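Visitor: Just so you know, the sequences run in chain order L and G. Counting with our numbering, you get residues 1 to 219 for the letters of the first sequence. Counting with our numbering, you get residues 220 to 436 for the letters of the second sequence.
In case anyone wonders, no lab produced these hints; they're calculated from the structure. The model shown is predicted, which means the values in this text are computed figures rather than measured ones. Among the hints, erroneous ones may be present.
To be verified - Mimicking BS3-like on lysine-lysine, the simulated pairs with C-alpha atoms at most 27 Å apart in a straight line are:
| hint | chain 1 | residue 1 | chain 2 | residue 2 |
| --- | --- | --- | --- | --- |
| 1 | G | K383 | L | K62 |
| 2 | L | K100 | L | K88 |
| 3 | L | K62 | G | K385 |
| 4 | G | K351 | G | K424 |
| 5 | L | K127 | L | K100 |
| 6 | L | K61 | G | K385 |
| 7 | G | K383 | L | K61 |
| 8 | L | K127 | L | K88 |
| 9 | G | K429 | G | K358 |
| 10 | L | K118 | L | K61 |
| 11 | G | K347 | G | K383 |
| 12 | G | K429 | G | K383 |
Claimed, not checked - Label-pair restraints from in silico Cβ distances:
| hint | chain 1 | residue 1 | chain 2 | residue 2 | range |
| --- | --- | --- | --- | --- | --- |
| 13 | G | G314 | L | K126 | 40 to 46 Å |
| 14 | G | G341 | L | T166 | 22 to 28 Å |
| 15 | L | N69 | G | A284 | 30 to 36 Å |
All residues carry an ideal CB built from backbone N, CA and C; glycine is no exception.
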Amino acid sequence: MTEIFVHKGIEVETEVPVGSLAEELGTTRDAFLKRAAIFGGSAVAAASVGMVLPQSAFATKKSDLAILNFALTLEYLESSFYAIAVGKGRFSPRVEQLAKVIRDHEIAHVKALVPTIKSLGGTPVKKPRFNFPPSIFADETTFLQTAMALEDTGVGAYNGAGPALTLRPVKEAAASIVAVEAMHASWVRGVAGTAPAPASFDELLTDDEVLAAAGPFFA
Amino acid sequence: MANNGALAPSTRSGRNMNETTVTAQSRRGFLGKAALLGGGALAAGGLGAFAEAARAQSAPASDLAILNFALTLEYLEAEFYDRARQGDFGNLNTGVQRFAEVLYSHEQAHVDTLNATIPALGGTPVRKPALKFPKLTQKTFVRTSIVLEQTGVGAYGGAFPSLKLKAVKEAALAIHSVEARHAAYARLVAGTLPANVAFFSPLTKEQVLKRAAPFFA
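Just need the whole structure built from these sequences, with the hints factored in.
Guide: Given below as structure tokens:
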């Protein structure tokens, strides 16, 4: 059995020390780029490094930038949500771990999107003001249900925007993020005791559908 | 689940596979997210539109090659879970048995969808490859599942930027994130951190082949 894993050389190490995870992930741009390089994900790195784009890319850059800013808004929402949850410090170790790890991922997404937008000549949206009702952090069940809605919405948002992306590095970055959002959704669902993967195909949401779901959290 | 020649039915059978979905959706409605669920975004906007496009135009050869590559991987995954759920890898506890059943239904739905889509786009679907699996136990089955699912995520993620046809991109994305959910589900079942990186690195075709090679007879 061992030979399969060795042969294929894919990581299946199960013991990830959570304490070191946040550091390992890195929440700074430099750490992100370093990680991207470790991945061999030159594409992800390129997307945020400020690659030189041909002039012909100008028109398509605009739509990609709008999508990236939309994504950035959602990542701000998610990272703020989990940061508050962690700050409350009232959950079981299992849920606390989930909140911390996902918070770090969402922060890493924010820290990656901001320089990416700048490198494409755009202006990153400012962090919006959010309005989270205290009740959603009052108990684990409500927190997890809210997290589930946010993560499923994040997956649908990236999926819905994906086909309109034009620049290869942006497509690559989006794919590398949506996969993680889907992993979060699955994780939250599993911990909440519901089906981690509830359908054979995920939804592709329109901007309006995303806003309808996330709108209540904007102040 | 026979090849039904249509996209939506496969989707529905996948949905119905898990009864907890209804509960999840109800809760989501409770949270005021009902708008999200209206009209089953997938059937309406995703694969329904995909089927339309499939009838309306033929895909570039490169898209067809990617779809056939994906179909090969889906055949591998579907048979893997089919064997697991039928007991080839020994007795599975209730949770792992459910995991195998759910993933089998999803992967088979992907097979059915791709099999129906490739000819609709003017291509010829690859035949199901001859497969071989090592002797596995419940524990090693789940660990192998992690490898396969992560390979699937990397494969779709790596191929997506090369896709040309909008409808094919939509289908690939709708499947890609489900493979990612599977990967996290498998990790959860294995008792390891379900999401251990902030960015999931895409794989090249060569990297995918290298990982999947041991399973081809």
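Visitor: For a C-alpha distance cap of 27 Å, please report whether L:K127 and L:K88 respect it.
Guide: holds, 21 Å
Visitor: Holds or violated: are the alpha carbons of L:K61 and G:K385 at most 27 Å from each other?
Guide: holds, 18 Å
Visitor: Has the given pair, G:K429 with G:K358, been kept, meaning a C-alpha gap of at most 27 Å?
Guide: Holds: G:K429 and G:K358 sit about 23 Å apart, inside 27 Å.
Visitor: Keeping to a limit of 27 Å between CA atoms, is the pair of G:K429 and G:K383 held or broken?
Guide: Distance ~25 Å between G:K429 and G:K383 Cα, so the pair holds.
Visitor: Just tell me: holds or violated, for the beta carbon distance of L:N69 and G:A284 against 30 to 36 Å?
Guide: Distance hint for L:N69, G:A284 holds at roughly 34 Å.
Visitor: For the hint 40 to 46 Å, verify it against the beta carbon of G:G314 and that of L:K126.
Guide: holds, 44 Å
Visitor: Does G:K383 lie within 27 Å of G:K347 when you go C-alpha to C-alpha?
Guide: Distance ~25 Å between G:K347 and G:K383 Cα, so the pair holds.
Visitor: Taking only the CA atoms, is the gap from L:K100 to L:K88 under or equal to 27 Å?
Guide: At roughly 12 Å apart (the allowed maximum being 27 Å), L:K88 and L:K100 satisfy the hint.
Visitor: Quick one, are L:K118 and L:K61 close enough, alpha carbons at most 27 Å?
Guide: Status holds; Cα separation ~12 Å.
Visitor: Given the hinted pair L:K127 and L:K100, is their alpha-carbon gap at most 27 Å?
Guide: Cα-Cα ~20 Å, so holds.
Visitor: L:K62 and G:K385 were given as a pair; does the straight-line alpha-carbon distance stay at or below 27 Å?
Guide: holds, 19 Å
Visitor: Keeping to a limit of 27 Å between CA atoms, is the pair of G:K383 and L:K61 held or broken?
Guide: holds, 17 Å
Violation of the numbered hints given earlier is absent; every hint is satisfied by the structure.
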